[in-house]
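Listed here are the chains, written in short residue letters.
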Amino acid sequence: MLKTIDIHINGETLCVPENITILEAAKMHGIKIPTLCHFPDQRVKANCRVCVVEVEGNRNLVASCSTPVREGMKVRTNSARVRETVQTILELIFANHPQECLTCIRNANCELRQLAAEHGIREIKTDMSTPLLPLDNSTPSIVRDPNKCIKCGRCAEVCHQVQTTGILYSHYRGINGAITPEYGKTLAEVACVLCGQCAAVCPVGAIHEKDDTAAVWAALENPNKHVVVQVAPAVRVSIAEEMGQAPGTIAVGKLVTALRRLGFNKVFDTDFTADLTILEEGNELLQRLKNGGTLPMITSCSPGWIKFIEHNYPEQLAHLSTCKSPQQMFGALAKTYYAEKSGIDPKDIVVVSIMPCTAKKYECTRPEMKSSGYQDVDYVLTTREFGRMLRQSGVDFKALADGEFDNPLGISTGAGAIFCATGGVMEAALRTVYEVVTGKELAKLEFESVRGLEGIKEATVDLDGLPVKVAVAHGLANARKVMDKIQAGEADYAFVEVMCCPGGCIGGGGQPYVTKRETRMARMDAIYQVDENMPLRKSHDNPAVQQLYKDFLKEPLGEKSHHLLHTHYQKRGL
Amino acid sequence: MSTFRELDGYDRVFNFGNCDSSVSLSEYQQTGGYEALRMAIGNPKQALEEICRAGLRGRGGAAFPAGLKLKMMQGNTEKQRYIVCNADEGEPGTFKDRFIMNHIPFQLLEGLTIAAILAGAENGFVYIRHEYPLAQENIKRSIAEAEAAGLLGDNILGSEFSLHLKIFSGAGSYLCGEETALLSSIEGKKGRPRVKPPFPIEKGLWGKPTLINNVETLANIPAIIAKGSAWYRTLGTEDSPGTKLISLSGDVKKRGLYEVPFGTTFREIIENFGGGMKEVFDLKAVNIGGASGVVVPPEELDCPMEYGKCAERGITIGSGAVYVMDEQRSILGNVHNRVHFFLHESCGKCTPCREGLRQVNRIIDRVTAGEASLKDIENLERFTRCMQEASFCGLGQAAGNSLLSSLKYFREEYENSCVDCVEKTSERGELC
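Top line first, the protein sequences correspond to chains P and X.
Numbers 0 to 573, taken from numbering that gives the first Met the number 0, label the letters of the first sequence in order.
Numbers 0 to 431, taken from numbering that gives the first Met the number 0, label the letters of the second sequence in order.
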């Protein structure tokens with residue numbers, strides 16, 4: 000049984016579990032203590048000090064996030080001494096913070112601005128100064144504004160502990176202290192995978208997605224352009240959250256209507272090419288198994304993961320499936336198959352993606368991604384940017400009626416939808432591979448063993464007497480563990496799914512603030528619900544995909560597929 | 000009236016011998032050196048009891064009971080443990096550890112070895128700041144000699160105890176004197192303080208239980224064991240037994256290092272040990288405890304040097320640096336210098352220290368340039384108090400000590416330098 004102790008907070012006696020912090024104890028009893036560097040699921044940093052409280056017997060205040068409770072402890076969280084100290088800390092931060100709140104990208108959801116409002120900061124009583132450090136907008140994905148950085152260390156923590164990319168860390172000391180890539184280089188000059196997890200945890204406007212909404216507005220306004228949009232699976236379970244509803248709210252139909260309202264000529268679905276990916280990738284796997292190709296084969300739909308393996312395991316690229324990601328397959332087909340079918344000159348087609356991801360912005364600019372003869376995908380917007388466009392155009396999201404995706408690139412199955420949860424690509428592939436190999440119908444579609452938030456999931460699937468060992472990893476720390484095993488020749492998997500972000504795309508770097516474990520769980524539950532609600536749940540049953548092969552591609556891994564749907568990788572190194 | 004008494008040959012913890020050279024191993028042994036180690040190996044339990052009974056407290060600044068720390072080490076079941084000697088003596092105006100390492104290295108090594116045996120550590124580091132090349136050289140040589148004599152290394156004096164010591168050179172950061180920053184520095188990481196708890200005795204070097212003590216603390220141990228805790232307690236006071244090495248500098252006749260029994264007043268330290276003021280000028284203020292210490296006026300000097308009484312008076316004994324200022328010295332200049340020092344040495348990890356020092360430094364620059372306003376002085380006090388209350392580690396908490404104490408005792412110097420000080424304006428009018 001959990002051992003409990005009695006402590007006193009603000010004169011109230013509270014029974015709390017032992018071995019927790021004052022901050023946790025206070026939270027359990029509805030007492031709010033302000034925090035900045037604290038982030039759910041991260042280690043305690045105790046840098047920002049805005050969570051200081053008074054503890055009887057201590058000379059100075061203590062940080063509640065790092066101080067464990069003890070029997071009989073007397074804590075005050077709201078004394079004049081605490082309030083004055085917290086106000087002074089906030090004032091000290093503001094005194095060296097750009098006074099750009101009105102125009103800051105985080106204006107509506109900045110944690111620092113929120114604290115200032117809550118703590119009644121009305122005046123900065125000392126000299127204000129603004130640091131004048133150069134902006135890092137060297138990548139298509141992420142913008143770093145070191146002037147707004149409050150050195151809380153959340154980004155470095157996620158970069159080191161969750162992703163093990165180790166790009167951002169604290170440099171120099173004292174007032175010159177900065178959290179930057181090595182030697183003050185830009186993100187483009189280092190092995191950053193552009194996953195955007197740093198942006199997802201930044202409390203202020205110091206790291207954020209590169210905003211491409213202006214370019215998309217311009218395309219929509221241009222009468223000579225035919226603008227089509229594709230929506231990633233994860234966005235249908237997060238856009239409602241971005242628009243103020245609870246995490247895990249499903250909004251497939253409203254999402255389509257919202258996009259029509261914005262003026263897109265066609266509203267298509269990345270789930271369609273997710274299904275297509277399964278057919279290409281599933282056949283590639285079977286071919287590798289049959290012909291003694293490089294095994295395990297590893298999925299290739301996550302661009303952050305692709306960049307990671309190119310930098311960190313350049314000798315292991317043969318393991319990667321040559322399939323492009325669903326986003327890029329879509330772009331290539333939109334400007335060939337769809338252009339042909341609709342009789343529109345591909346040079347006049349603009350392809351916009353709505354993605355949960357910042358790395359997708361970079362993926363579409365890769366030089367290989369021009370198989371239609373044009374840049375296959377023109378603009379990528381994150382869920383957050385999409386939300387911004389909806390707000391700008393006055394869409395009352397909750398009140399929207401449901402709409403239907405357009406044909407043919409809008410038809411999909413439940414297998415395509417679950418791509419966005421860790422284990423989803425694996426499950427979708429197994430649903431198809433099983434039936435192709437065995438010729439039998441699956442009795443149960445759900446592969447529970449590859450679902451859930453465990454870091455590395457392993458399973459052995461019985462393909463009618465042929466056991467196939469698979470693994471699923473999400474978050475690059477877990478991917479690294481699996482890769483180390485593969486590199487050492489100690490892995491006997493046939494097929495491995497890797498997603499760059501924890502939880503898969505539903506936890507992507509472009510998703511609504513704040514993504515923590517419970518939020519990931521809620522979005523995952525929602526996407527499995529979407530899958531269950533679909534009339535078709537196996538990729539090979541997708542009639543639009545069948546039609547595509549019949550009319551255009553001819554066969555999986557055929558010549559056209561090779562040209563449009565497959566790619567190659569670069570050895571980048573560190 | 001006086002609690003001061005000359006320490007005779009016997010009643011000393013430290014015997015620096017001939018100050019021109021380092022006491023050799025044979026000289027040290029001839030005067031009873033390494034007797035304590037033999038006793039500790041023979042009866043470790045008794046040795047630990049003596050240290051506890053002696054009431055020895057850490058001499059690095061925090062004054063944590065040394066015996067209690069050792070007992071806490073013994074309570075840990077982890078097999079791999081470390082001992083670290085903190086010889087990063089970075090507190091400005093402090094030179095006691097250097098003196099010990101340069102002159103009586105074997106007394107330090109003996110104390111270190113005893114502590115390691117009691118703590119169950121078989122490996123250790125002496126973390127010496129890189130500004131002390133002679134000390135590094137001397138300790139290195141002494142470790143080799145002790146090993147050759149069977150006093151260090153495997154099976155010390157034929158017993159089952161072993162201790163392997165290495166020297167680790169600091170790289171110039173003041174903050175690395177903070178124990179957890181020091182451990183990070185040895186691990187090859189950035190010298191920044193870590194979250195406590197866990198404390199080093201639980202999770203120290205590479206996550207293993209680590210006993211970390213200051214040079215002077217460890218060098219006290221041989222005398223306590225050889226002569227007994229009862230003898231040790233004849234020195235000093237009930238609250239603070241033993242002696243403290245005082246680094247006396249500034250405007251006194253005889254600057255230098257003195258072994259002073261606890262309970263001696265600061266005035267006695269200046270008058271009796273330091274021989275009084277150097278010049279004809281009067282005593283204006285004394286800085287006690289180094290850069291992180293306080294600045295006090297002559298009226299405060301009758302406070303006995305004793306942890307309890309000093310704490311009551313807001314005086315920090317710290318590392319034992321006593322810097323005497325005569326009336327020619329500027330308090331503002333002194334504080335200005337210290338603020339610059341801390342601005343340079345702050346690691347930048349936590350908000351109050353980093354941002355507080357940024358602002359405090361700007362204001363103090365204006366104060367010394369005569370361009371500050373009275374509002375600035377208010378902010379100075381507010382920001383410094385915030386640093387003291389909320390900083391992550393001792394550096395930020397103590398960085399404002401000299402500022403706050405000087406504002407308490409010498410506020411008029413600050414206010415007179417302000418552009419909007421009323422009295423000053425009229426005074427200037429008269430003068431002009």
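Quick caveat, the hints were computed from the structure, so don't treat them as lab data.
Mixed in with the good hints there might be a few duds.
[Unchecked claim] DSSO-like mimics (lysine-lysine), calculated; alpha carbons at most 27 Å apart, straight line:
hint	chain 1	residue 1	chain 2	residue 2
1	X	283	P	480
2	P	2	P	31
3	P	515	X	195
4	P	480	X	202
5	X	78	X	253
6	P	73	X	78
7	X	189	P	480
8	X	374	P	124
9	X	226	X	253
10	X	165	X	188
11	P	2	X	202
12	X	195	P	2
13	P	184	X	189
14	P	73	P	340
15	X	226	X	189
16	X	188	X	253
17	P	468	P	289
18	X	44	X	78
19	P	480	X	207
20	X	195	P	26
21	P	31	X	195
22	P	124	X	407
23	P	468	P	484
24	X	226	X	207
25	X	283	P	184
From a predicted model like this one, the values you see are computed outputs, not experimental measurements.
Structure-based check of each hint:
no. : hint           : result
1   : X:283 to P:480 : 65 Å, violated
2   : P:2 to P:31    : 24 Å, holds
3   : P:515 to X:195 : 26 Å, holds
4   : P:480 to X:202 : 26 Å, holds
5   : X:78 to X:253  : 49 Å, violated
6   : P:73 to X:78   : 36 Å, violated
7   : X:189 to P:480 : 26 Å, holds
8   : X:374 to P:124 : 9 Å, holds
9   : X:226 to X:253 : 30 Å, violated
10  : X:165 to X:188 : 18 Å, holds
11  : P:2 to X:202   : 24 Å, holds
12  : X:195 to P:2   : 23 Å, holds
13  : P:184 to X:189 : 19 Å, holds
14  : P:73 to P:340  : 74 Å, violated
15  : X:226 to X:189 : 42 Å, violated
16  : X:188 to X:253 : 42 Å, violated
17  : P:468 to P:289 : 15 Å, holds
18  : X:44 to X:78   : 19 Å, holds
19  : P:480 to X:207 : 25 Å, holds
20  : X:195 to P:26  : 21 Å, holds
21  : P:31 to X:195  : 23 Å, holds
22  : P:124 to X:407 : 22 Å, holds
23  : P:468 to P:484 : 14 Å, holds
24  : X:226 to X:207 : 33 Å, violated
25  : X:283 to P:184 : 51 Å, violated
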